[in-house]
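Number of protein chains: 4
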Amino acid sequence: MDDSMKEDIMTMLECYKSCTRTITHCLQMGGEHASPEHINLLMDCAKICALAADFAIRGSINHAALCRLCADICRQCADQCESMAGDDEEMKKCAELCRKCADVCERMAESA
Amino acid sequence: MDDSMKEDIMTMLECYKSCTRTITHCLQMGGEHASPEHINLLMDCAKICALAADFAIRGSINHAALCRLCADICRQCADQCESMAGDDEEMKKCAELCRKCADVCERMAESA
Amino acid sequence: MDDSMKEDIMTMLECYKSCTRTITHCLQMGGEHASPEHINLLMDCAKICALAADFAIRGSINHAALCRLCADICRQCADQCESMAGDDEEMKKCAELCRKCADVCERMAESA
Amino acid sequence: MDDSMKEDIMTMLECYKSCTRTITHCLQMGGEHASPEHINLLMDCAKICALAADFAIRGSINHAALCRLCADICRQCADQCESMAGDDEEMKKCAELCRKCADVCERMAESA
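Protein chains in written order, with the working numbering: chain A, 6 to 117; chain B, 6 to 117; chain C, 6 to 117; chain D, 6 to 117.
Chain A with its partners taken away, still in its complex shape (with noise of 0.2 angstroms):
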């Protein structure tokens, strides 16, 4: 495995565990932050980039199309973190993190 897949990789388990972290984060900020479409998103979030970091590590010939799906999985949850953010920096660093992974997971889509 060369050097970018493992930085590839690494960013898709830094989204995992910036959105798990987040779910504790929102619901101890309650209100929209807690609400069952925000806490789900996060979850759709956190679980298939775990799982697109599994089938990476493992070179499984369905990454690139599970890649896809995780980029666009990604921007919704980076979109929602966003639009919520204000000011909290736990929220603005989870959604930086998601469109990152969001452009490394479009990026392999392609070039698989």
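Just so you know, the hints here were simulated from the structure itself, not pulled from any lab data. Please note: incorrect hints may appear among the correct ones.
Same chains, same names: a pair is fine if it fits in one copy or spans any two.
[Said to hold, decoys possible] Listed below are the simulated BS3-like cross-link pairs for lysine-lysine, each with C-alpha atoms no more than 30 angstroms apart in a straight line:
| no. | residue 1 | residue 2 |
| --- | --- | --- |
| 1 | Lys-97 | Lys-11 |
| 2 | Lys-105 | Lys-11 |
| 3 | Lys-98 | Lys-11 |
Based on these hints, arrange chains B, C and D on the given structure of chain A.
Okay, now just chains B, C and D, sitting in the frame of chain A:
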């Protein structure tokens, strides 16, 4: 795999499904139901039940040890759901399934 | 959640269980059954089915998109299991469950 | 989350990645490396490390208990990889990461 094992695995997957569904339900209820502590415990229980089922399906040598921990978490989750349930049918049902799964896991841990 | 949805989720979890069990079975058979390509495809199928069930249980807005990909991977896995099955009952059974799950996922993807 | 915790979580995810990659590597090697016993132990270790990281990221109250079990499985996996490694660099590296993760998990279990 004998029928009793198949049924036990089904109980663990039922508990995983119930806790996962109950997370969304609790977020809709709000208040203490949507507290990080309660949601995190439901997540703990959903995830450990899914993993215990996985270890059982694969016939892992570590299955009994995992079942012991799974039984403990299921019982915590049953207690917390019960104490919050009031008249809510979904919470009562979830507590019941967690308790059933705890019993199954304890039996599996002891018979291994 | 209506009964038809419950049944569909059960089909996805049955496919997850079947592919997971079949991995151990194929490792015991050895040869091409234990090739990285076949084991990796069984893992892809097991993991995406478990995730598709999870998205369905939570009522995720991304469920239909995930079902589309899941259907595709299930069909690949069904084809490969079938082509290797010969007289092996477990392989034939796994192929059958993968095909059933592919049909369910396709229907869910279209009706969303 | 302090830096030491972040590093510990990274160690668990590194161990998950290493065991997952080693499964494919062992299937390519064949023989006892591709035995159901060895592949199942690598799967046990990959999956429990991923779950232990998840519990740590969420700050779960059950994290210490899960780390205790994770340490035990990591040590089993380290021993088995070591005994099979011979001159194989990937197997030796995997054994090393499993042992490092076992140490981290033991410390976390005791300090909780």
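Violations among the numbered hints, reported as their numbers in ascending order:
none
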